[in-house]
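For chain A, the structure is supplied; the task is to place chain B on it using the hints.
Protein chains: 2
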Amino acid sequence: MNRKMQWLRNQLLSLNLQGMIVTNPVNIKYLTNIQAEGTLLVTRKENIFITDGRYVEDVHNTLTLFDEIVVYDIRGLTKEDFENFFMFCENVGFEENHVTYAKYKEYMHKYKINSLVETENMIEKQRMIKDEEEIENIKEACKTTDECFEYIVNYIKPGMTEKQIARQIDDYYYKHAEGIAFETIVASGENSSKPHAIPSDRKIQDIDVITIDMGCKVNGYCSDMTRTIFVGEVPNYVKPVYDLVLKNQEQVLKDMKENSNTKLISKMVDNDFRLNNYDLIHALGHGIGLDVHEGPVLSINSENFLKERMVVTNEPGIYIAGRFGVRIEDTVLIRKGACEPLTKSTKKYVVI
Amino acid sequence: MNRKMQWLRNQLLSLNLQGMIVTNPVNIKYLTNIQAEGTLLVTRKENIFITDGRYVEDVHNTLTLFDEIVVYDIRGLTKEDFENFFMFCENVGFEENHVTYAKYKEYMHKYKINSLVETENMIEKQRMIKDEEEIENIKEACKTTDECFEYIVNYIKPGMTEKQIARQIDDYYYKHAEGIAFETIVASGENSSKPHAIPSDRKIQDIDVITIDMGCKVNGYCSDMTRTIFVGEVPNYVKPVYDLVLKNQEQVLKDMKENSNTKLISKMVDNDFRLNNYDLIHALGHGIGLDVHEGPVLSINSENFLKERMVVTNEPGIYIAGRFGVRIEDTVLIRKGACEPLTKSTKKYVVI
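Taken in order, these protein sequences are the chains called A and B.
Residue numbering for the first sequence follows the working numbering, starting at 1 and increasing by one per position.
Residue numbering for the second sequence follows the working numbering, starting at 1 and increasing by one per position.
Pulled out of the complex, with its shape left as it was, chain A reads as follows:
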């Protein structure tokens, strides 16, 4: 059995759970490497993956004997089969943050379970700490993102649309990686004041501000980087905002290490923004891995402590409605006494 499934079985044992239903597809990919619609059951004796005709062949190709996972086509299973999976199980775990209320009721009935027990993001919490293989994948995705940034800075010309630039980034990622980790953001001029702008038909002007938020996937693992760049010149009214965002982003890099308090770090950025009459309107960052957004959250609303081998983003931003916005973001690996930025593109003024 692989190391991650073994870890899960040990966890269940220590929580007095005799089985678990895993439904979050990202958790299933994390534990088994399977990428298919279906449900993973950890029962007393077996690991079972229930899928359907569309995926059976593919799942069989992914797994080896070593995985010790039995694959069933749901069409071959009877009512009794479902009732037998968790026979003699007192407590069965489930993912209360993924399973809908309707599915929860269905599972109780279908599997004839007495007690479905909340597992409090147990697998997600484990996913926050990356192993060496996971770190290598994220590093690779970050490297490709740096290369893509260099490519795109040379590609952008006034007259191109935001959409066109975004598509070019996507093409690069499909060519040099597994594709995008999230919808690429290219937001220019007044559009850059929207943190989650969708690329539009707006054309790049001779003098312009462009915020680009981009990331790709390598073996399922994500990168995430944002830069605000300039066309023609850096307007005088943008400079102080850019410098303020950058100063804070760099201060956060200094503060991020094992045991840092994420609430405190976020609070310091928010305070500095407020001193200058701005506002940190979104979280300072988030964990990243198989999901582009995963634990921990770095914000003023919740207290978390960074741990070695977490990978998180550091992305302060200031947005002036209807005018412009600046955001600077790196993907960062946490180490004991310091952190290591994995995205390394320049943060000096980039003028095209």
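In case anyone wonders, no lab produced these hints; they're calculated from the structure.
A few of these clues could be false.
Each pair may be met inside one copy or between any two copies, as identical chains are not told apart.
To be verified - Listed below are the simulated SDA-like cross-link pairs for lysine to any residue, each with C-alpha atoms no more than 25 angstroms apart in a straight line:
#1 K103 <-> N304
#2 K105 <-> W7
#3 K139 <-> D255
#4 K157 <-> Y174
#5 K344 <-> A36
#6 K79 <-> H282
#7 K336 <-> L290
#8 K203 <-> E57
#9 K29 <-> T100
#10 K347 <-> E250
#11 K110 <-> H282
#12 K163 <-> N61
#13 K112 <-> K239
#14 K79 <-> V297
Leaving out everything else, chain B in the frame of chain A:
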């Protein structure tokens, strides 16, 4: 207030619900046209959309006074605000098929609700019947898909990879529509035996079978079409399978109309496949609209009756593991005495 929100309010009245929490973003887009993370509350007196700083500006731009929707930034709301939204409400509806078990418990507490009531996919069921504007959008998406198919048939040459072809389709969709409705499938040779194959680096051979499953979005509405095409020649061992799939696909088109029984139609295809020692391993089709997969399901496992102005897919397929597969799919509009295929690309043998 717009017609769809008015419909929802009437529904709530007839179900003795004094309010509802709408969380499914597709339902929110359907009801309000808002595309942003957030929660829609229908309270006794008001319609409320709660979002955060990233989306406030954009939501305000989407809405007009006529919509009668109040937008709140979640950061400005207190514990008491949440408790007051549903004050004096006996029963409040929620989406039990979308809300997680954890959120269900959180809502009870946060909104101080006595009775959260399941609404049994009420909004999804309404979404199955399309109005004229929705039909126009889907027609437009289908037309673009036909055009893209013609384009791609001329583009494909032996030596190209599946990935390269898929990216070309995606590019076409981003240029001529809002982009893809789902991950484009280009599956050639033995890969075509996997119904949900992911485009690979396999190169198209001089003699080859290629299944292409493609769809785009127009104003949020999806199209979905599959064709299996040939390079060089139609191999003799594929012909009988292709002909059998096509015969059934065309028979289904004749059978689809108001009040058709979807279970019966699917059963007839399955029976005909079995007579020939094959098997219908997936559903025959699905509703399509703002979601590429929505109600109703067309399969042998559940009985549904088609209604006028439903839009559904008709997609029988046969898959021979490790060798090849054939699937033929159209998006279809249901009318009273017949149906209207909205995707119109040829289903004769296409040989490149």
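Results of checking the hints against the structure:
no.: 1; hint: K103 <-> N304; result: between (31 angstroms within a copy, 21 angstroms between copies)
no.: 2; hint: K105 <-> W7; result: neither (28 angstroms within a copy, 29 angstroms between copies)
no.: 3; hint: K139 <-> D255; result: within (21 angstroms within a copy, 54 angstroms between copies)
no.: 4; hint: K157 <-> Y174; result: both (22 angstroms within a copy, 20 angstroms between copies)
no.: 5; hint: K344 <-> A36; result: neither (34 angstroms within a copy, 31 angstroms between copies)
no.: 6; hint: K79 <-> H282; result: between (47 angstroms within a copy, 20 angstroms between copies)
no.: 7; hint: K336 <-> L290; result: within (23 angstroms within a copy, 47 angstroms between copies)
no.: 8; hint: K203 <-> E57; result: between (47 angstroms within a copy, 21 angstroms between copies)
no.: 9; hint: K29 <-> T100; result: both (20 angstroms within a copy, 20 angstroms between copies)
no.: 10; hint: K347 <-> E250; result: within (10 angstroms within a copy, 59 angstroms between copies)
no.: 11; hint: K110 <-> H282; result: between (41 angstroms within a copy, 22 angstroms between copies)
no.: 12; hint: K163 <-> N61; result: between (38 angstroms within a copy, 20 angstroms between copies)
no.: 13; hint: K112 <-> K239; result: neither (63 angstroms within a copy, 47 angstroms between copies)
no.: 14; hint: K79 <-> V297; result: between (41 angstroms within a copy, 21 angstroms between copies)
The structure shown violates the earlier hints numbered 2, 5 and 13.
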